[in-house]
Amino acid sequence: MSEQQKIYLKKQKRYKTTITLLRFLLFAGFLILWEAAARLGWIEAFIFSSPTRIAKCFYKMVMDGSIFKHTAITLGETFLSFGIIIVFGIGAALLLWLYTPLSDVLEPYLVVLNSLPKSALAPMLIVWLGNNAKAIIVTAVSVAIFGTVLNIYTSFADTDPDKIKLMKTFGGNRFQILTKLVLPASLNTIISNMKVNIGLCLVGVIIGEFLAARAGLGYLIIYNSQIFSMDPIAMSIIILCIISIILFKIIDLLQKIAKKLS
Amino acid sequence: MNPILSVKNVNYSYHTQDGETPALSNISFDIMPGSFTCIVGPSGCGKSTLLSLISGLLAPDEGEIYIKGSPAADSAMHIGYMLQKDSLFEWRSVYKNVLLGLETRKSCTPEKKELVNQMLDTYGLGNFKNVKPSQLSGGMRQRAAIIRTLALEPDILLLDEPFSALDYQTRLEVSDDIYRILKEQDKTAILVTHDISEAIAMGDRVIVLSARPGHINKIIDINFDSLKEDRTPFSARSSPEFPDYFNMIWKELVQ
Ligand SMILES: Nc1ncnc2c1ncn2[C@@H]1O[C@H](COP(=O)(O)OP(=O)(O)OP(=O)(O)O)[C@@H](O)[C@H]1O
Ligand SMILES: [Mg+2]
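Residue numbers (this note's numbering), protein chains in the order written: chain A, 1 to 262; chain B, 263 to 517.
A few of these clues could be false.
[As the list claims (entries may be wrong)] Cut-off 30 Å, straight-line C-alpha distance, at most; resulting in silico cross-link-like pairs (DSS-like, lysine-lysine):
#1 358/B with 260/A
#2 260/A with 374/B
#3 368/B with 180/A
#4 165/A with 513/B
#5 490/B with 163/A
#6 394/B with 249/A
#7 180/A with 168/A
#8 259/A with 449/B
#9 490/B with 260/A
#10 260/A with 445/B
#11 165/A with 375/B
#12 168/A with 513/B
Bear in mind the hints are in silico, worked out from the structure with no lab data behind them.
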């Protein structure tokens, strides 16, 4: 390795360390400022909570185990709706790709449903399906499903016509064109879509829990807001942050594995 | 000897919302086994369309195409069609790319794999089997696409401007290579090109098409008596007959 390359690598490494350090400092500074502001009375701790109050609340709920129950319920609902979206989204996109008249008929409806603010559907869904987990999952699915179908179908339909022609010169049938060309060509779109969807599912589940739940982080937030108990709310939000980071990272990992395998 | 391919009075038009585009009109010719035919013609005159008709991807509006005596639509297995674009799949390694045709035809036997490996080595891609196509140069991509087609061991090879993406020097080298392989394996080839010199250098026969809708202006037999046995595209280019053929074809094209 040349001297210049070494210097370059060293510089890059130093830059990366600095960035990580700054990120950490920003977070720590925010926590300290928040805590100080609450203690010094700049803000009303009863309304704005504070890091130590959140930690205390967290400790209490870990001790009585209730936090695990609420988190597990929200996570479970999120995964379930995510799974449903992936299966039905890809399935529907496949049907649309296989039967062009079907997609020609349905496309305007999908576009309208997709541009609708989906949270508007939630109250109606809950009236129809009752105050239960089923309603919450259907709400979450309704938030992301239309966009998923459109997005994946568009990617299928955009498959390079020259590559399709190539498959036909080999005598490839529709199924082979699908498995050897269309699906692998759309893999990236599907995974990017999953990244967006996992976040959307969480949003949908929280909306559903606001309206219909007797447990879950969304329920925790809405219940405590009614009794002006801000610490559990702030804590729930932080847990949601952590959950969404972890979920996003899982999909990221999936993407990397898919890239390696292909 | 019977022709391996005969095209009889073929017409073809494309239909779109904006109207009808007649692409080919009254095309007829025969191709003998083992011959090398080049098709030249102005851009958009229907050269690619003609190859698609021969390969059975399109069906003629009128007329017939026979391969070894049976209709083209049923004889696709005899044909290897190298499209104008290399269309390598970015997500597959070079090796998996050249196996694509065999996989699709469900004939990916160990013997065929051995053949593919040999070809990869012969054409300088042996060390690039496991890389993705994006890491290949234009010339290497083209060679990979040719191997992908040859792997099918077709009787008739259709080549649609296979060298157009290459720089001039690589183009001369690759066309020499391809010519040699095809002659060694006694394949029948039809090559479409824009390049008059290339057509003369490689072809036993040059079919000159008119502007759209393409019809046959002239079929010119190419003979290099001065070269006899050691005819290669490269030697042909410097033979005394070459300029005469060039002028003849040039006149047919611009008339
Ligand atoms: N799918 C299509 N739909 C409508 N018109 C088409 C289609 N494909 C080709 N054409 C038209 O038919 C004519 C012949 O096309 P073709 O691709 O066979 O020409 P070509 O001789 O191969 O041209 P080039 O030298 O540029 O490759 C062109 O004018 C083109 O515009
Ligand atoms: Mg063409």
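So, going through the hints one by one against the coordinates:
no.	hint	result
1	358/B with 260/A	15 Å, holds
2	260/A with 374/B	26 Å, holds
3	368/B with 180/A	13 Å, holds
4	165/A with 513/B	34 Å, violated
5	490/B with 163/A	41 Å, violated
6	394/B with 249/A	26 Å, holds
7	180/A with 168/A	12 Å, holds
8	259/A with 449/B	39 Å, violated
9	490/B with 260/A	53 Å, violated
10	260/A with 445/B	40 Å, violated
11	165/A with 375/B	24 Å, holds
12	168/A with 513/B	37 Å, violated
Checked against the numbered hints given earlier, the structure breaks hints 4, 5, 8, 9, 10 and 12 and satisfies all the rest.
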